[in-house]
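S.K.: Since each chain comes alone in its own frame, lean on the hints to assemble the complex.
Each chain, written out:
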Amino acid sequence: MNTDSMGYIFISSLLVNNFVLSYFLGICPFLGVSNKLGTATRMGGAVMFVMLVASLSAYGVHSLLVKIDALFLQLISYIVIIASTVQLVEMFIKKMSPALFRALGIFLPLITTNCAILGVALFQTNREYSFLQSIVFSFGAGAGFTLALVIMAGIREELDLASVPNIIKGAALTLMIAGIMSITFMGFAGLGGS
Amino acid sequence: MSDKQLKGQNFNTFMKGIWEENPVFFQLLGMCPVLAVSNSVMNALSMGMATTFVLVLSSTLVSLLRKLIPKQVRIATYILIIATFVTVAEYAIQAISLEVYKNLGAFISLIVVNCMILGRAEAFASKNKLGKSILDAFGVGIGFTFAIFCMGALREIIGNGTFAEIPVFGENYEPWVIMILPGGGFFALGVLLLFVNWYQQKTKKGATK
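Those protein sequences? They're chains A and B, same order as listed.
Residue numbers 1 to 194, in our numbering, belong to the letters of the first sequence in order.
Residue numbers 1001 to 1209, in our numbering, belong to the letters of the second sequence in order.
It is possible that some hints are incorrect.
[Claimed, not checked] Rough simulated footprint, nothing fancy, chain A against chain B, three-plus residues with beta-carbon under 8 Å: (1) 1022-1032; (2) 1077-1086; (3) 1110-1124; (4) 1176-1187; (5) 1193-1204.
Derived by calculation from the structure, the hints in this document are not laboratory data.
For glycine and all other residues, C-beta sits at the position ideal for the given N, C-alpha and C.
Same shape as in the complex, but just chain B (with noise of 0.2 Å):
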């Protein structure tokens, strides 16, 4: 295989994470934390880059140990793992940022048991070399990220009138307090979810024609 191919197949494995397998808008993973942070542009975007360290960090261990850990208890392992980086994550953000800290809470803890990272570690990382892999966890969890983002942005304007605190529609704005609380990230997520079917719908329809 030529170098430029080799090019091309590898950015394609970052770019498949970030829409193609897009993990919360279509393999519908990893779903918690998106529906529970997302109150705000800001929370959002942390937890987005704080699940995409513990997603790379781990999907880089796991794949340079890939050969070491045995079938049976690999899922475990890979547990275990992720609750390592998840724990040195949360350190990490107590010391950079009470602020974040406190406005995540056990979110940050709960990072451990979001399927997507498991998911990704059992379905690329055990199987591919250790810089695929890591493109791969970098094209997920930026993925995650955006998908995260438009959550937050869009509660955020609708249910609060500001985007990353900085008002957007003036004074006489009405806020949708609704989209801030827990059932406006349903309906948020709902139809994110929706735009996205109808989207890929449209595609299908004129690549058939």
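The following block holds chain A by itself, in its conformation from the complex (with noise of 0.2 Å):
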């Protein structure tokens, strides 16, 4: 398949190279908030339009720059992009509901400095992907952020119920899990003819 079809776009972005599992970003939230489904989910959505929004930005952002040749704003601009993003996403969420609010915690302002997001906007502009190609590569990566997240939380919320050592609890179990996971991802390795 041509590298360059929407296509394989999408599933490189979401299963082949997640983003999550095999470049390791937006490690701080998938090893925070994935102890319930339920929150896990409303993150993953919250992630995933911040990560559309920021796309569609960067793009604009980006052909601006090269335009007056001041590509060394870049890194700058984004992440203020990025920063505005995600606060109205927060007064939206704390409007609409304050349940979610709660629960999300200090880890929905952190969506800022989730590294997921300002790599969906770096990697698409270093591809060079058109407009479509970046709307598609954002999704697919937004998807597969939710994907691998909810899948932990799954996995996270029966481990409870099961007796592991002392020692192993918390972060260091977690990751071993995502080890196991990754591994199982790169099984998607030959999808889409790479």
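M.R.: Given below as structure tokens:
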């Protein structure tokens, strides 16, 4: 399959090069909010939305910066866009669902420092994706993040019932599971003919 | 406070970041680069150094400006300061070594979103004097470099049979390729955290006895 085709970009960012499990982006929320299934799903939704908006704006800003020859401002302008989008989402969620707002807690403003979002913006710029490709890419990446987060939350909810040695409880156990998940996701490598 | 006491306190500020409050092992901050660019010792070291550079400079500036920055927009200001220094670091690395720049790729830019740096700016540099903030940033930076170096060494030795590209085990060693791949990163960090937990529990027990 052509590496520029929409299907390839989507499958690649969703499964083969999953942002969490093969690029290690967005590890903090992945470890932090993956203890309950419901919260994880909604967190995934919020991240997906921010990612989409950030990717669209990043595309616009990048072409503007190229025009005025000020590429050194790229990083700074991207982070400003992301920070303001997150602020917007935060206000929206606070208004629409105070319960969810409390459940997400500190991790909501921390979406700003979620490397997955800046990662999407930077990768699409580096790979010189067109406008449509950028949208598909960011959507796939967001869906991939949500997928990994939800699977992890499901596993961790079940693990609460299991008895594990005290010493491995917490981050160490989560990381081991993430390792196994990452190996599982490597099985997708043949998809899309890469 | 006498001079000696002050010195001891400063030393403590510095040492705390390296082990007691190690950002990676105990606070679980800045995990993304630790996992992503720790597949070889060289990558890990250059990443650690770049992060320390940004951390020290941004802590310095935040500490200098701490009385001027309005409280409401402080996070945005910190991020802008950090982003500026990351841009500096990115261009500097590109000028010094193109090879390192290519190996680290987008992860140099991603230092901006390393929660450890923002965390230090918010929790320490915005409340403390210049000298202390610099010491703290150095301590935490070295702690981070130490952690990422451990990861890099572990993964390269097991996964490739080399240490900084010098063969360790001889020719008959069959490398565990999985340790270089993403999955291995998670395992290696899991094992390191396990070890740190175990050590902590052991020393705690020793103290109560």
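S.K.: Look at each hint and say if it fits the structure.
M.R.: Status of the hints after comparison with the structure:
no., hint, in the structure
1, 1022-1032, "holds (count 4)"
2, 1077-1086, "holds (count 5)"
3, 1110-1124, "holds (count 6)"
4, 1176-1187, "holds (count 8)"
5, 1193-1204, "holds (count 5)"
Hint check: no violations occur; every hint is consistent with the structure.
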